[in-house]
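7 is the number of the first residue of the first sequence in the numbering used here; add one for each residue after it.
Just to be clear, a hint being listed does not mean it is correct.
[Stated by the list, open to error] Quick list of simulated restraints, FRET-style, between CB atoms:
| hint | residue 1 | residue 2 | range |
| --- | --- | --- | --- |
| 1 | D504 | E240 | 30 to 36 angstroms |
| 2 | R138 | G210 | 28 to 34 angstroms |
| 3 | T560 | V145 | 37 to 43 angstroms |
| 4 | G210 | T508 | 32 to 38 angstroms |
| 5 | E524 | R63 | 38 to 44 angstroms |
| 6 | G210 | D475 | 24 to 30 angstroms |
| 7 | A470 | R63 | 20 to 26 angstroms |
These are calculated hints, taken from the structure and not from any lab test.
Idealized CB from N, CA, C, for every residue including glycine.
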Amino acid sequence: MSSESTTVSSNFLRVIIEDDLATGKHESIVTRFPPEPNGYLHIGHAKSICLNFGLARQFGGRCHLRFDDTNPAKEELEYIESIKESVRWLGFDWGEHLYYASDYFDQLYQWAEHLILQGKAYVEELTADEIRKHRGTLVEAGVESPYRNRPVEENLDLFRRMRSGEFPDGAKVLRARIDMAAPNMNLRDPVLYRIIHAPHPHVGDSWCIYPMYDFAHGQSDAIEGITHSICTLEFEDHKPLYEWFLDNLPVPSHPRQYEFARLNLTYTVMSKRKLHELVTQSLVNGWDDPRLPTLMGIRRRGYTPAAVRAFCERIGVGRSDSWIDMSILEDCVREDLNECAPRVLAVLRPLKVVIDNYPADQIDEFEAANHPQKPEMGSRKVTFSRELFIEQDDFAEDPPKGFFRMTPGGEVRLRYAYIVRCTGVVRDDNGTVIEVHCQYDPASRGGSASDGRKIKGTIHWVSASNAQDAEVRLFDRLFTDPNPDRGGIDYKQFLNPDSVVTLTSAKVEAGLATVDSETRLQFERQGYFRLDPRDSLPDRLVFNRIVTLKDAWTKK
RNA sequence: AGGGGUAUCGCCAAACGGUAAGGCAACGGCCUCUGACGCCGUCAUCUCUUGGUUCGAAUCCAGGUACCCCUGCCA
7 MSSESTTVSS
17 NFLRVIIEDD
27 LATGKHESIV
37 TRFPPEPNGY
47 LHIGHAKSIC
57 LNFGLARQFG
67 GRCHLRFDDT
77 NPAKEELEYI
87 ESIKESVRWL
97 GFDWGEHLYY
107 ASDYFDQLYQ
117 WAEHLILQGK
127 AYVEELTADE
137 IRKHRGTLVE
147 AGVESPYRNR
157 PVEENLDLFR
167 RMRSGEFPDG
177 AKVLRARIDM
187 AAPNMNLRDP
197 VLYRIIHAPH
207 PHVGDSWCIY
217 PMYDFAHGQS
227 DAIEGITHSI
237 CTLEFEDHKP
247 LYEWFLDNLP
257 VPSHPRQYEF
267 ARLNLTYTVM
277 SKRKLHELVT
287 QSLVNGWDDP
297 RLPTLMGIRR
307 RGYTPAAVRA
317 FCERIGVGRS
327 DSWIDMSILE
337 DCVREDLNEC
347 APRVLAVLRP
357 LKVVIDNYPA
367 DQIDEFEAAN
377 HPQKPEMGSR
387 KVTFSRELFI
397 EQDDFAEDPP
407 KGFFRMTPGG
417 EVRLRYAYIV
427 RCTGVVRDDN
437 GTVIEVHCQY
447 DPASRGGSAS
457 DGRKIKGTIH
467 WVSASNAQDA
477 EVRLFDRLFT
487 DPNPDRGGID
497 YKQFLNPDSV
507 VTLTSAKVEA
517 GLATVDSETR
527 LQFERQGYFR
537 LDPRDSLPDR
547 LVFNRIVTLK
557 DAWTKK
């Protein structure tokens with residue numbers, strides 16, 4: 007289908023893997039993409055997915071899809087299905103390797119008892135608030151819990167009773183016994199298990215105690231034989247804990263954690279909380295709103311998986327906080343669509359044109375290329391008649407300097423058809439031009455001047471005789487500020503009031519009545535569009551603008 | 001008693017002691033029946049800063065500075 011530039015450049019992870027393979031540390035690599043099923047995936051996750059699956063693919067290893075489902079209070083089946091679909095849509099396949107951290111709950115539980123037996127874990131009875139107070143601060147050591155030194159047998163008994171459901175939520179937790187004075191807060195006796203009497207989306211109600219992320223993640227990696235456990239920077243502080251569990255438990259392998267900088271994109275927000283707020287407050291229309299950076303939104307908008315993959319490759323991977331400009335993503339979309347999108351004529355804001363010297367009852371047809379650079383994509387017939395529609399923007403009574411579209415007295419080419427000269431206009435009561443009159447040059451049939459004169463401007467048009475009506479949704483950036491997320495100001499203040507402009511009287515080529523919603527089209531001189539898979543009906547076409555074409559004119 | 005990170009062109013990002021890749025953007029120009037696409041050219045004597053080591057430093061050392069992350073029974 008679509009092209010994909012394969013300019014692969016070096017990054018620190020590839021270097022590490024190449025080295026591990028070269029030295030024989032690993033014969034092949036195993037990575038994993040570990041989402042928590044508590045929300046929908048967004049473009050930031052795409053970076054991680056492309057990284058993990060991409061690395062595995064590049065080095066001939068494998069990548070697991072593992073749901074980090076350790077908190078039933080927040081997770082849902084719907085998210086699991088949605089995440090799987092998004093990963094597949096992006097073009098990756100986990101094959102047999104679909105896992106759930108919850109599949110390891112038995113083993114994790116055994117390991118928790120193992121720590122208790124070793125005197126390295128204890129049942130805490132302080133409240134959450136008391137635990138917080140005992141934890142100390144960034145610059146002060148914590149205080150040990152009075153329950154920290156209770157006998158192994160007592161811990162074991164209590165933990166087993168926690169598991170059997172004897173205590174209510176929050177009554178007790180299991181803690182690792184590490185160091186309340188550790189400068190790394192994660193080592194100040196972190197919570198391992200908490201009581202949550204809630205059904206789990208994957209394992210039902212077989213448990214009422216659930217492991218924390220820290221107690222589940224590294225061990226899950228170890229169970230699966232993950233060689234390179236890649237996560238975002240904020241987990242760097244957790245690495246000593248990650249290592250501590252691997253060192254203190256009889257795990258089958260010892261994965262290594264590596265961190266990279268998460269994706270930040272300008273003109274959007276990526277936090278789950280904010281996305282959720284936009285959706286629930288109806289500031290956008292659902293999780294798949296085409297303006298959202300969610301994978302569902304991007305997909306509905308019409309971005310292609312290949313474009314997203316190219317984007318992830320283009321931005322690279324590093325360890326420094328970075329902000330990627332939205333224009334890079336948009337450019338990747340254009341690059342992909344330019345290759346594969348058939349060209350078509352569509353008028354977004356119609357202005358009626360009458361060719362006065364063209365017979366009223368005459369209909370003609372012209373051959374139009376589906377892709378000027380790719381004859382193999384074929385051509386189609388477009389019909390021409392006395393009355394046409396052109397873009398309002400393509401006519402100017404009083405043209406600015408450098409304007410070379412239709413102007414009174416001037417010549418312009420109607421793409422694939424004829425050269426016409428504007429001879430007059432018709433106005434409404436307000437003086438607004440509502441109709442333009444032209445004379446066509448019969449000798450220019452097909453668009454070329456018989457005398458070889460150069461016509462600078464070529465504009466698109468659609469025959470009034472058989473144009474299809476359509477609604478067109480022009481999407482723009484959701485926010486007016488590159489960083490709506492910056493502190494201090496409510497990000498919603500930066501919502502772009504024109505993030506979607508709905509045009510209800512567009513006129514498109516007759517042939518578009520039957521296009522498939524998966525087809526991405528280029529409306530010549532306008533941008534790339536596709537039928538909205540949700541709202542478009544056979545008798546009521548709705549097009550989404552995926553991205554505009556670059557425009558060197560309005561930029562001036 | 002704090003800990004962990006990061007600083008290379010407007011935005012990303014290579015470079016692993018041998019004399020600053022690449023992409024995007026920008027700016028010139030060419031081409032053009034899409035002001036698109038494509039093509040050509042320009043774009044860091046310099047790597048946050050100050051010193052030091054070295055024949056040689058973005059890379060090593062020392063001291064500054066700036067920014068990010070960490071005090072959930074979230075992940």
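The hints, checked one at a time:
| no. | hint | in the structure |
| --- | --- | --- |
| 1 | D504 to E240: 30 to 36 angstroms | holds, 35 angstroms |
| 2 | R138 to G210: 28 to 34 angstroms | holds, 32 angstroms |
| 3 | T560 to V145: 37 to 43 angstroms | violated, 55 angstroms |
| 4 | G210 to T508: 32 to 38 angstroms | violated, 45 angstroms |
| 5 | E524 to R63: 38 to 44 angstroms | violated, 24 angstroms |
| 6 | G210 to D475: 24 to 30 angstroms | violated, 52 angstroms |
| 7 | A470 to R63: 20 to 26 angstroms | violated, 51 angstroms |
When each numbered hint is compared with the structure, violations occur for hints 3, 4, 5, 6 and 7.
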